[in-house]
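A.B. asks: Residues per chain, in single letters:
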Amino acid sequence: MSHIFASGKTFILPILLLVFISCVKDHSLEITPYTQGSIIISYSHKVKGETLKFDTLRYSTSTGNRYQVSDLQYFTSRISLHSLKGKWHDIKMDDGIHYTDARDSYSCSWWVKDLLPPESFDSVAFIFGLDALQNTTGRFPDPPERDMFWPDILGGGYHSMKMNLKWQNDTMPQSMPFMFHLGTGQVYASGIVNPDSIIGYVPNSFRISLPIGLDLTAGGYHQVILEMNVDRWFDGQNAFEFARYPSGMMQNQEAMFRAIRNGKKVFTVKITN
Amino acid sequence: MKREDSIFSSPGFRYVAFLLLFSITILILTSSCTKKTEPAAPFRATPYTIQIPLHFPQELNIPADNPMTVEGIALGRFLFYDGRLSGRPGPDSLMSCATCHIQAHSFVCGIDHPDFTGGHPHGLTGIQTSHFMLPMINLVWTNHGYLWNGLVSADNPQPALRNIEDVVRLVIELPSEICGDTSRTKAMIGQIKGYPELFYKAFGSSTVTEKNIARAIAQFVRTLISADSKFDRYLLGKIQLSNSELNGYVLFMTEQGGDCFHCHGGDGNPLFTTNLFYNNGKDSVFTDPFDRFSITGSAADLGAYKAPTLRNLVFTAPYMHDGRFKTIDEVLDFYNAGLVWSPSISPLMHHIATGGVRLTPSQKADLKAFLLTFTDSTFITNPAFSRPSAMPDE
Chain B
1 MSHIFASGKT
11 FILPILLLVF
21 ISCVKDHSLE
31 ITPYTQGSII
41 ISYSHKVKGE
51 TLKFDTLRYS
61 TSTGNRYQVS
71 DLQYFTSRIS
81 LHSLKGKWHD
91 IKMDDGIHYT
101 DARDSYSCSW
111 WVKDLLPPES
121 FDSVAFIFGL
131 DALQNTTGRF
141 PDPPERDMFW
151 PDILGGGYHS
161 MKMNLKWQND
171 TMPQSMPFMF
181 HLGTGQVYAS
191 GIVNPDSIIG
201 YVPNSFRISL
211 PIGLDLTAGG
221 YHQVILEMNV
231 DRWFDGQNAF
241 EFARYPSGMM
251 QNQEAMFRAI
261 RNGKKVFTVK
271 ITN
Chain Y
1 MKREDSIFSS
11 PGFRYVAFLL
21 LFSITILILT
31 SSCTKKTEPA
41 APFRATPYTI
51 QIPLHFPQEL
61 NIPADNPMTV
71 EGIALGRFLF
81 YDGRLSGRPG
91 PDSLMSCATC
101 HIQAHSFVCG
111 IDHPDFTGGH
121 PHGLTGIQTS
131 HFMLPMINLV
141 WTNHGYLWNG
151 LVSADNPQPA
161 LRNIEDVVRL
171 VIELPSEICG
181 DTSRTKAMIG
191 QIKGYPELFY
201 KAFGSSTVTE
211 KNIARAIAQF
221 VRTLISADSK
231 FDRYLLGKIQ
241 LSNSELNGYV
251 LFMTEQGGDC
261 FHCHGGDGNP
271 LFTTNLFYNN
281 GKDSVFTDPF
291 DRFSITGSAA
301 DLGAYKAPTL
311 RNLVFTAPYM
321 HDGRFKTIDE
331 VLDFYNAGLV
341 WSPSISPLMH
351 HIATGGVRLT
361 PSQKADLKAF
371 LLTFTDSTFI
381 TNPAFSRPSA
391 MPDE
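Sequences listed follow chains B and Y, in order. Using our numbering, you'd call the opening residue of the first sequence number 1 and step up by one each time. Using our numbering, you'd call the opening residue of the second sequence number 1 and step up by one each time.
One should not assume that every hint holds.
[Said to hold, decoys possible] Every beta carbon over 12 Å from chain Y, so not counted as near; a handful from chain B, in silico:
(1) 92
(2) 138
(3) 190
(4) 249
[Claimed, not checked] Some chain Y residues near chain B, calculated using beta-carbon distances under 10 Å:
(5) 210
(6) 249
(7) 266
(8) 267
[Claimed, not checked] The list that follows gives simulated cross-link-like pairs (lysine-lysine, DSBU-like), each with its CA atoms no further than 35 Å apart:
(9) 282/Y with 53/B
(10) 46/B with 264/B
(11) 211/Y with 46/B
(12) 238/Y with 364/Y
Since the hints were derived computationally from the structure, they do not count as laboratory data. The beta-carbon is built from N, C-alpha and C at its ideal position, and this holds for glycine as well.
Could you put the whole structure together from the sequences, leaning on the hints where they help?
C.D. replies: Structure, rendered in structure tokens:
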């Protein structure tokens, strides 16, 4: 019988090996040239260099209007990084769409869990608002994105941005609301603003590209901070005068066009490790 | 004893040792890699799945510790309608949720209620509620807080003020409502024939607890879904609206029209409310200690209240948190020309400069016609929401 134990030793070793290999995590999938979850896209909001403060009439435009911001919500989409090797890497997570509510810190930080190559990137680009192909009614059934819906009769889809303001100038006894809302514009026959006379729509989302110096390394984390300089919406190449649009912007393509021209210079970007 | 003669070196011991070692190895192998066997199956009620209407939100507010079950909903329906929930047996001391929440009025008491003058309910003690009532429609999709000021909300630091279950507990205890003693309520319900069995079927214990009373009623309330109004059917392409209703639709959905949609939803939000809080320009001085400001402490929320759903508007008069408007026409007149400026007025009230949206009489008529397309008569007659034909002891 002694040979049984002796042969048993050679039998037990494979069994223990089996125990080991059957229970350990399979790391083979992690052997890849790509790095996952290595960037966090953060959204910050400034007014003339200082962090945006809500509900206080402390800011002023170049045209002499004082204003306060009560709500700031917007979409960015088709976010992509451009590598020095000449390739664009589109963010695939969440279809490349991100909703930001400046009051909600959770929504101001987007941990992108895409696989990205450990390369050097020289620019980041995105669409402000939803890309025209993505801007379809019903895409977001749930809040908070749902509450950005843009009426079908005005073109459908979603607001690019809702910035709810109050403003006042020296001739006004009190501040007045202003809804700085961007989305699909309408073309009205003979200039009559009546939904029955709409003859066409204008997407109004626009692309922004910003230079960066980002060297992604395997295992490293980098933060891409997209900084919206809120004051530039009003003080860009087209000074925005609130009094000019007493009926709001949603049905005024000229107002939205003016805002968009400023909007292309609203963002700056920073990289932190 | 010589070493080679020891019992450890005997062939028999080696054989036993090998078997033992082999068995342990197999045991480790199987126990380390397989799911542990569950003990005997626990109590399990019949799961109930809410059928989400095609155009409705997908995220439901159902807490993990109170999953919907057929038995829980059935129990909740009994309790919702059983006046003995007050814990008092006398015929003048009965009070349940349904005393005020009346199905025919989309679960508000109604402006013509014989006991609640003008539609303002009071509790058993005669103390009136802080505010008038909000309709109980589609609350399973509420995600920004319950009640006019959002006191009961998922982000409330107090765990006892976070969901419908907590509203039920408040209602049972508040002097302005049932003014109950939970011990007395538990004892009362527990001694009624049939209830212990229903509690067992719903929650696996025949003991009546405050927690399970609240859980059952909350489950029932979550089934109160309205999704069959004329406008719902229009959105689904089943019917067409009249010209007047379509004109009203345009006014409802446009910034230069009535601009109702920013707070009350529309084709992109069939709940007809964002469930958010706004100062809609009713007052310039604020004395209500229970407005949104009382919750957030932010001056921007002075005089702000939840935007109520507009579903079944025709059944839910009076309107606003203080019931100041008796008819839909009064509400329309207010938004048309009665807005009052204050520092905390919502920035969405951008027509404040002209005192309102300034619609013509014809436009107001069209807008009202459209508002009436939110009427869902099936909701107020649905037998699943009504008083059971017999209570558990009947």
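A.B. asks: Evaluate each hint against the coordinates.
C.D. replies: For each hint, the structure was consulted:
no. : hint             : result
1   : 92               : holds, 22 Å
2   : 138              : violated, 8 Å
3   : 190              : holds, 16 Å
4   : 249              : violated, 8 Å
5   : 210              : violated, 31 Å
6   : 249              : holds, 7 Å
7   : 266              : holds, 6 Å
8   : 267              : holds, 5 Å
9   : 282/Y with 53/B  : holds, 27 Å
10  : 46/B with 264/B  : holds, 16 Å
11  : 211/Y with 46/B  : violated, 47 Å
12  : 238/Y with 364/Y : holds, 26 Å
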